[in-house]
Structures are given as C-alpha cells and as structure tokens.
Amino acid sequence: QQQVKQSPQSLIVQKGGIPIINCAYENTAFDYFPWYQQFPGKGPALLIAIRPDVSEKKEGRFTISFNKSAKQFSLHIMDSQPGDSATYFCAASKDDYKLSFGAGTTVTVRA
Amino acid sequence: DVKVTQSSRYLVKRTGEKVFLECVQDMDHENMFWYRQDPGLGLRLIYFSYDVKMKEKGDIPEGYSVSREKKERFSLILESASTNQTSMYLCASSWAYEQYFGPGTRLTVT
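As they're listed, the protein sequences go chains A and B. Counting from 5, one number per residue, gives the positions in the first sequence under the working numbering. Counting from -7, one number per residue, gives the positions in the second sequence under the working numbering.
Extracted from the complex, chain A is given alone in its bound form:
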C-alpha cells in the first residue's frame, strides 16, 4: 500500500504554463518531503524539499506548497519550459532516511 498518493499520473501543458502535481500522505511521523525529477534513461535527482514547519518553499521556478493540517503538498512549476518535461516523484521520510515515493507524474511541456 502506497504511503504517499500522487496525482495526476500525467500532465500536458503549453510552454509558460504552470503544471501542478499533488501529493497526500497519512503518516504524521513524516518530517521531510522531497520532490525528485527523472529524465528518460537517468536516475531520479533531488529537485527541492520541504519540512512540515514551512508552508512554502521556492527554488528558481519550482515551488512546493505544504498544508500540514490537510496532510498534502504540491509542486508548481512556474513558467514551464520544454526542458522541464520529465517524470516527477513526490516522497516522504521519517527520521530513518527511508523514502516512500508516490507513483510519479509524467509532465510534458509543449513548445
């Protein structure tokens, strides 16, 4: 049973659009919420991460929004570019450093 539920499965946007990916969790012991980006033929790489004491974090064009009471967090890609086309995974971890991953979202940004 997946501990982190991710939606949608896939997303297509035009260049400049804002794809939004949502994740939800149940385990309140989770204290670290990263997003990983994976390009075809490559392993996932850390994109951005947030702790539950913060409601929003921005790094460049990528923003995580975190709602602790709803146990939900989301990734927004501002001014999306064709180079952002990839599969994105949300994840969650407790203090044991193990990651529980969502099912992944394939984002396609059309030029």
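Keep in mind that the hints are not guaranteed to be accurate.
Within a straight-line C-alpha distance of at most 30 Å, the following computed DSS-like cross-link-like pairs (lysine-lysine) qualify [to be verified]:
| # | chain 1 | residue 1 | chain 2 | residue 2 |
| --- | --- | --- | --- | --- |
| 1 | A | 19 | B | 5 |
| 2 | B | 49 | A | 98 |
| 3 | B | 10 | A | 46 |
| 4 | A | 62 | B | -5 |
| 5 | B | 62 | A | 102 |
| 6 | A | 102 | B | 10 |
| 7 | A | 62 | A | 19 |
| 8 | A | 102 | B | -5 |
| 9 | A | 19 | B | 47 |
| 10 | A | 75 | B | 49 |
| 11 | B | 62 | A | 98 |
| 12 | A | 61 | A | 9 |
| 13 | B | 45 | A | 98 |
| 14 | A | 46 | B | 49 |
| 15 | B | 49 | A | 19 |
| 16 | A | 62 | A | 75 |
| 17 | B | 47 | A | 61 |
| 18 | A | 46 | B | 47 |
| 19 | B | 47 | A | 102 |
| 20 | A | 46 | B | 5 |
| 21 | A | 9 | B | 10 |
| 22 | A | 46 | B | 45 |
| 23 | A | 98 | B | 63 |
| 24 | A | 98 | B | 47 |
| 25 | B | -5 | A | 98 |
| 26 | A | 102 | B | 45 |
| 27 | A | 61 | B | -5 |
| 28 | A | 9 | B | 47 |
Derived coverage of chain A by chain B (criterion: at least 3 residues anywhere in the stretch with Cβ under 8 Å from a Cβ of chain B; other residues may be distant) [as the list claims (entries may be wrong)]:
| # | segment |
| --- | --- |
| 29 | 57 to 66 |
| 30 | 77 to 89 |
| 31 | 106 to 112 |
Treat the hints as calculated values from the structure; they're not laboratory data. The beta-carbon is built from N, C-alpha and C at its ideal position, and this holds for glycine as well.
Fit chain B to the supplied structure of chain A, relying on the hints for placement.
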C-alpha cells in the same frame, strides 16, 4: 560530484537464474538503498543498509537478498529470477535524507 554507478544498464536473464546487480558509490555514504521502479507504482524500496554488513528489509523484499561487504558497494541478488522481477532497478546512497541515484539497470527475465 557524487557518483553512483550500477554494473549494467541492460540485462536479460532466464527464469531460474541467479542474478547479481552491483552498485558502487564514491562519496563514503553510510546509507545505501535498492529500489525497483514500475510504471504506475513509482519507486518501491527492496532493501537498505545503514552500514557495512548491515541490511534491513524494505517494502518488497520477497525474492531478493542483498550483500554489503564494503562501504562503497551494495549488491542486490535475485536467487532465482522470475518473470515478475522484470523491472528497472535503481540503487541510491545518502548521508542523510538526500538520496543520490544511479542510472538504473533494466532487467528482463524471460
């Protein structure tokens, strides 16, 4: 740069064969992990290790075992490969929360 290498990018094995997948990291990380990646299921943790000769089961350990004789090397073993083990296998290492992944091994069992 952290580098995690996996012994093969593609592997084709027959049902019943013993399969070894090797992973090496060059950053002196304590923690190492093996995942399998399947469409619609994301990454699922098979085994992990916090130190040499230590191993712990992840979420889907059935049919797999691991070995960590040296800090930099973590091996995944399929004792008797089955067709339902056809998948992408990813190795990762970390000091703490951030995990660094290798490029993956796509294993096909026929």
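Status of each hint after checking the structure:
no. : hint         : verdict
1   : A:19 - B:5   : violated (42 Å)
2   : B:49 - A:98  : holds (16 Å)
3   : B:10 - A:46  : holds (26 Å)
4   : A:62 - B:-5  : holds (26 Å)
5   : B:62 - A:102 : holds (21 Å)
6   : A:102 - B:10 : holds (27 Å)
7   : A:62 - A:19  : holds (20 Å)
8   : A:102 - B:-5 : holds (20 Å)
9   : A:19 - B:47  : violated (45 Å)
10  : A:75 - B:49  : holds (27 Å)
11  : B:62 - A:98  : holds (26 Å)
12  : A:61 - A:9   : holds (21 Å)
13  : B:45 - A:98  : holds (23 Å)
14  : A:46 - B:49  : holds (25 Å)
15  : B:49 - A:19  : violated (43 Å)
16  : A:62 - A:75  : holds (19 Å)
17  : B:47 - A:61  : violated (34 Å)
18  : A:46 - B:47  : holds (26 Å)
19  : B:47 - A:102 : holds (13 Å)
20  : A:46 - B:5   : holds (22 Å)
21  : A:9 - B:10   : violated (34 Å)
22  : A:46 - B:45  : holds (28 Å)
23  : A:98 - B:63  : holds (23 Å)
24  : A:98 - B:47  : holds (18 Å)
25  : B:-5 - A:98  : holds (25 Å)
26  : A:102 - B:45 : holds (18 Å)
27  : A:61 - B:-5  : holds (27 Å)
28  : A:9 - B:47   : holds (27 Å)
29  : 57 to 66     : violated (count 0)
30  : 77 to 89     : violated (count 0)
31  : 106 to 112   : holds (count 3)
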